[in-house]
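Chains X and U, in that order, are what the protein sequence lines are.
Number 617 in the numbering used here belongs to position 270 of the first sequence; there are no gaps in the numbering.
Number 374 in the numbering used here belongs to position 227 of the second sequence; there are no gaps in the numbering.
If you're looking for bench data, these hints aren't it; they were derived computationally from the structure.
Computed from a predicted structure; not experimentally measured.
You can take every hint at face value.
Computed list of chain X residues with no C-beta within reach of chain U, every gap over 12 Å:
#1 Thr388
#2 Pro391
#3 Leu473
#4 Leu487
#5 Val509
#6 Ala516
#7 Pro534
Stretch by stretch, here's where chain X covers chain U in the computed footprint (C-beta under 8 Å, at least three residues):
#8 161-168
#9 179-191
#10 372-379
#11 399-406
#12 410-421
Glycine is no exception: its CB is placed at the ideal position from the N, C-alpha and C atoms.
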Amino acid sequence: MVLISVEIPFLMSVFSSFTKWNGLDKAQTFIGFQNYHELFTDDPKMWGAFGFTLKLTLGSVVLVNILALLLAVILDSDVKGKNALRAAFYVPNIISLIIIGYIWRFIFSAGFNSLYEKTGLEIFMLSWLGDVKVVYFSVLMVSIWHSLGFYLVIYIAGLQTVPHELIEAAMIDGANKTKRFFNVTLPLIVPSITVSVFHSLSNGLKSFDIIFSLTNGGPGNVTTTIALDIYRTAFVINRFGYGTAKSVVLFLMILVLSIFQVQIFKQREVEV
Amino acid sequence: MKERFILPYVWTIVLTLIATVYLYPLFLVLINSFKTFQEITSNVIALPTSLEWHNFANTFKVMNYPRYFLNTLAATSIGVLGVVSISSMAGYKLSRTNSRISFIMFMVLIAPMMIPFHSFMISLVKVAKELKLIGSPAGLGVLYWGLGASLALFMYHGAVKSVPRELDDCASIDGASPLRTFFQIIFPLLQPVTVSVIVINTMWMWNDFLLPLLVLSGSKKSLTLQLAAYNFFGLYKIDWNYAMAGVLLTILPAIIFYLSLQRYIIKGMVAGAVKS
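Please build the complete structure, drawing on both the sequences and the hints.
Below, the structure is given as structure tokens:
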């Protein structure tokens, strides 16, 4: 059947993606665990990238979820024009990350310059992409700016599933707004939180495009992420075998962290 | 009780203000793409004094926009069509077959959802080279089949379960072949999933950068829009007026797509995210 003929190439592509993580190229000689040995003992660059990626992921997971949830709660109450507002916050999400990075390079340099001249606020005079201390926040801000809309929409969808009767019942029982939110709404939208945290976690650990165009890993190497490091190892300095070793580590890291996270959140889900 | 009537408007105003600040960078891109170079260097936030359409004309030409637009369109449509047809058929068949093999196959096929692209991209490029899928938008589209099929298959597999099996039986009693049953009876019923799959994959393939960079950057003729834009920015590092015109031209198709299908896009993205 037609099915079989389309399945085969598909299976093949999936299959090859599987076999190659630990596979060294045919043309290369087998060197056992040497790559891994080098990776764990003699690659400060990689560990720098590792640390930055974790820091960036942590920051964006926490901030993007809190901000998105906060906005979603406000938008879910009876605000006028909520659809237009939701659509507005979603706009950056449809632009490719490579362009986002470039737009912000323009804003950080030329745009902030003009804003400083107009407002005189010191914050616009910081070297947003050149200062080792500041650049983390620039990258964090841009990636949150890009992805907030996506998580916002997930949370709004989650909030809409919360039954109105429960909120009203809590209201009659005399629970105030904060109490209603933390004791009724929040437990009921844990599935949305699970989904959002899962996505922000794995997207954070995989950050590549935005770094590539915004800072290209600089200044120095402070904003190099693991994905960018893998790309450079394999395609810039042509050490394919070593690159695959790093990518196996990335895979395991994402796998372990995601399973860990989903497990924790699943336990907290409640049925209505 | 007065508070209840005023409060929504207060929030609307506050949120509109936040949204305005939120989208202000994009507004800056828009106004600066119409300015002359001197205007940008003197003041970024001022409105342009005259509309410099020349920026766009030049960018359009230097960037070779039409060609790369068509390349991206070709790669995306080949990719999306492939993903939809492969995974809807496979999802239907696998969901209707209750054998152990079918379950194992399903698991094997959806497992890649958990594997980050970066951890197999190196070998993917090698495989693609051997299959001669490198250097052409069509090849890129074919590569997307494998990458996009897992999630789509997973979504179709779940949706087929909610379609009653009696429909299949009725169709086969009436003499329809399995393929005809699928295309005329089942596939139309899966339309919501199909919309989701199309939206998710279109947005992703259109905006993808890394895979095109890996498989297309060698051949000048077959770049995608994102790649061409990236090269273009390298060319005009300081000429912000051209660069901003380039940004605008590059994001324009996505913006138009979004504005015209906004409701479906938001719904589709949520469905895809939540189901995975």
